[in-house]
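J.: Sequence:
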Amino acid sequence: VIDLFQKIDFKSHSGLDLTWKIEMDALTPNEWECIAHMIMELSRPFQRVIGIPRGGTFLGKILNKHSTGKSTDPICIVDDVLTTGESMIDFKRKNEWREPTEYIGWVVFARGPVPIWVDALFRMPYRDSDGQVMSLMGIKKDHWS
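Under this note's numbering, the first residue of the sequence shown carries the number -5, and numbering increases by one thereafter.
Calculated from the structure, these hints are not laboratory results.
Please note that the accuracy of each hint is not assured.
Stated by the list, open to error - Calculated lysine-lysine pairs in the DSBU-like style (CA-CA distance at most 35 Å, straight line): (1) LYS5 with LYS59; (2) LYS88 with LYS59; (3) LYS1 with LYS86; (4) LYS88 with LYS1; (5) LYS88 with LYS64; (6) LYS59 with LYS15; (7) LYS15 with LYS55; (8) LYS64 with LYS1; (9) LYS55 with LYS1; (10) LYS88 with LYS5; (11) LYS15 with LYS1; (12) LYS88 with LYS15; (13) LYS55 with LYS5; (14) LYS86 with LYS64; (15) LYS86 with LYS55; (16) LYS88 with LYS55; (17) LYS86 with LYS59; (18) LYS5 with LYS64; (19) LYS5 with LYS15.
What the hints assert, rightly or not - Have a look at the derived ranges for each label pair, beta carbon to beta carbon: (20) PRO47 with LEU115: 18 to 26 Å; (21) PRO107 with PRO39: 21 to 29 Å; (22) PHE116 with HIS7: 13 to 21 Å; (23) LEU130 with HIS7: 16 to 24 Å; (24) LEU36 with HIS7: 40 to 48 Å; (25) PRO109 with SER129: 31 to 39 Å; (26) GLU93 with GLN0: 31 to 39 Å; (27) LYS1 with ASP84: 43 to 51 Å.
These figures come from a predicted structure and were not determined experimentally.
We put the beta carbon where it would ideally sit given N, CA and C, even for glycine.
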């Protein structure tokens, strides 16, 4: 059995030194299916899904079953855990020049600031660059843009 939350020193994908980890390999296929179901209850329709390797690949395959295939719908980029948001931003940037269309994003857990076009099922408070704890409140998404 693998623990989902682990107290361990490690270097994140973005190069940060962290003291705890969200180990998504702990999730079962049924739990991934449930996560996809949760996203589908909240998400706008999307033409197709791109999963960021490695964490978003399996979720992307599950969510692609719900894709519309319509070019008028946005492309959805997914990942498992967002820490800095750089992977999502870079992946969107690399795809935009080939496919200049609207993009939306989904992550399971966000442990840092989330780009405006990305949603997270589970968001955690975090410290910003000056050490201030950033907590969250309910804000209607259409009031942000």
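J.: The structure should be examined with respect to each hint, and the outcome stated for every one.
T.: Taking the hints in turn, this is what the structure says about them:
no. : hint                           : in the structure
1   : LYS5 with LYS59                : holds, 33 Å
2   : LYS88 with LYS59               : holds, 24 Å
3   : LYS1 with LYS86                : holds, 31 Å
4   : LYS88 with LYS1                : holds, 34 Å
5   : LYS88 with LYS64               : holds, 21 Å
6   : LYS59 with LYS15               : holds, 29 Å
7   : LYS15 with LYS55               : holds, 24 Å
8   : LYS64 with LYS1                : violated, 43 Å
9   : LYS55 with LYS1                : holds, 30 Å
10  : LYS88 with LYS5                : holds, 24 Å
11  : LYS15 with LYS1                : holds, 7 Å
12  : LYS88 with LYS15               : holds, 27 Å
13  : LYS55 with LYS5                : holds, 27 Å
14  : LYS86 with LYS64               : holds, 19 Å
15  : LYS86 with LYS55               : holds, 18 Å
16  : LYS88 with LYS55               : holds, 20 Å
17  : LYS86 with LYS59               : holds, 21 Å
18  : LYS5 with LYS64                : violated, 39 Å
19  : LYS5 with LYS15                : holds, 10 Å
20  : PRO47 with LEU115: 18 to 26 Å  : holds, 20 Å
21  : PRO107 with PRO39: 21 to 29 Å  : holds, 26 Å
22  : PHE116 with HIS7: 13 to 21 Å   : holds, 18 Å
23  : LEU130 with HIS7: 16 to 24 Å   : holds, 23 Å
24  : LEU36 with HIS7: 40 to 48 Å    : violated, 25 Å
25  : PRO109 with SER129: 31 to 39 Å : violated, 18 Å
26  : GLU93 with GLN0: 31 to 39 Å    : holds, 37 Å
27  : LYS1 with ASP84: 43 to 51 Å    : violated, 29 Å
Hint check: violations occur at hints 8, 18, 24, 25, 27; the rest are consistent with the structure.
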